[in-house]
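Undergrad: Here is what each chain is made of, one letter per residue.
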Amino acid sequence: MKEIAVQLFGAFTELDRQREISVRVNGEHIADLRRAMREQLQQQFPQFRAGLVDYSVFADEKRVLRDSELLPADGRVAILPPVSGG
Amino acid sequence: MTTGNLWKVVDRAEAAIDPAESIAFVSDPGFGGIDVFIGKVRDLNQGRAVQGITYDLFEPLVLNEFQRLVDEAQAEFGPRVKLYVAHAKGRLAVGDVAVVVAAGSPHRDEAFRACRQLIEAVKHRSPIWKQEHYEEGDSEWSEGCSLCEPSAGHAQDHAHDHAH
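Here the protein sequences come in this chain order: S and V.
According to my numbering, the first sequence is numbered sequentially starting from 1.
According to my numbering, the second sequence is numbered sequentially starting from 1.
Bound-form chain S, shown alone (with noise of 0.2 angstroms):
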């Protein structure tokens, strides 16, 4: 089990005030880190519309990050809902 700390944009800052949650993932790739996600935000957030996690892709401070990928060494990553710059 890896500890991942999410980094929040857009939509899901309303999540928490330090735009950040911990994410406890079962496994070794950004598809388990979806999946975690999607059921932690649904037991945490009832609220929250969880199925933005499927609309959303993660990234580091470079690139964004495939589903096929590994998680990063440094357990940090950012979910990025639909963008609307502009």
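Derived by calculation from the structure, the hints in this document are not laboratory data.
If a hint is listed, it holds; no wrong ones were tucked in.
The calculated lysine-lysine pairs, modelled on DSS-like cross-linking and capped at a C-alpha distance of 27 angstroms, are:
1) Lys-40/V with Lys-8/V
2) Lys-89/V with Lys-40/V
3) Lys-123/V with Lys-8/V
4) Lys-2/S with Lys-62/S
5) Lys-62/S with Lys-89/V
6) Lys-123/V with Lys-89/V
7) Lys-8/V with Lys-89/V
8) Lys-123/V with Lys-62/S
9) Lys-8/V with Lys-62/S
Keep in mind the model is a prediction, meaning the values are calculated, not measured.
Based on these hints, arrange chain V on the given structure of chain S.
TA: Chain V only, in chain S's frame:
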């Protein structure tokens, strides 16, 4: 490749984006055409009176993405195009400038096309989120475009029907 271009994020609490800066930046004695897109906060969205917008950005990735998008446009339109991108962050009022994209080139066709390509990419592929604040006092995050799983090492957007 992008030494002649400029991209940046401007914190509204510190400064406003100045479109004149973009025109000066993409100007060149050999350029006869400059196209500038200015995106501003408007007072109405989907029938609701808007008081302001807060832009949330994942800044390190935004800057990375801007560089990549500028590189893509440069590769497509060639070295005789100069490009500028600035996007605001923080709380903006109605009428404030949210984004400026400018392209300068010898002729208007490249300037128009490079500017259009760049603003569309900035809107659809940059990790930026818009929260609208309404006159009634409530706020809402705008619906946006999903950044899909990368197929070539970078984010791509497509339609909104995603099945991860």
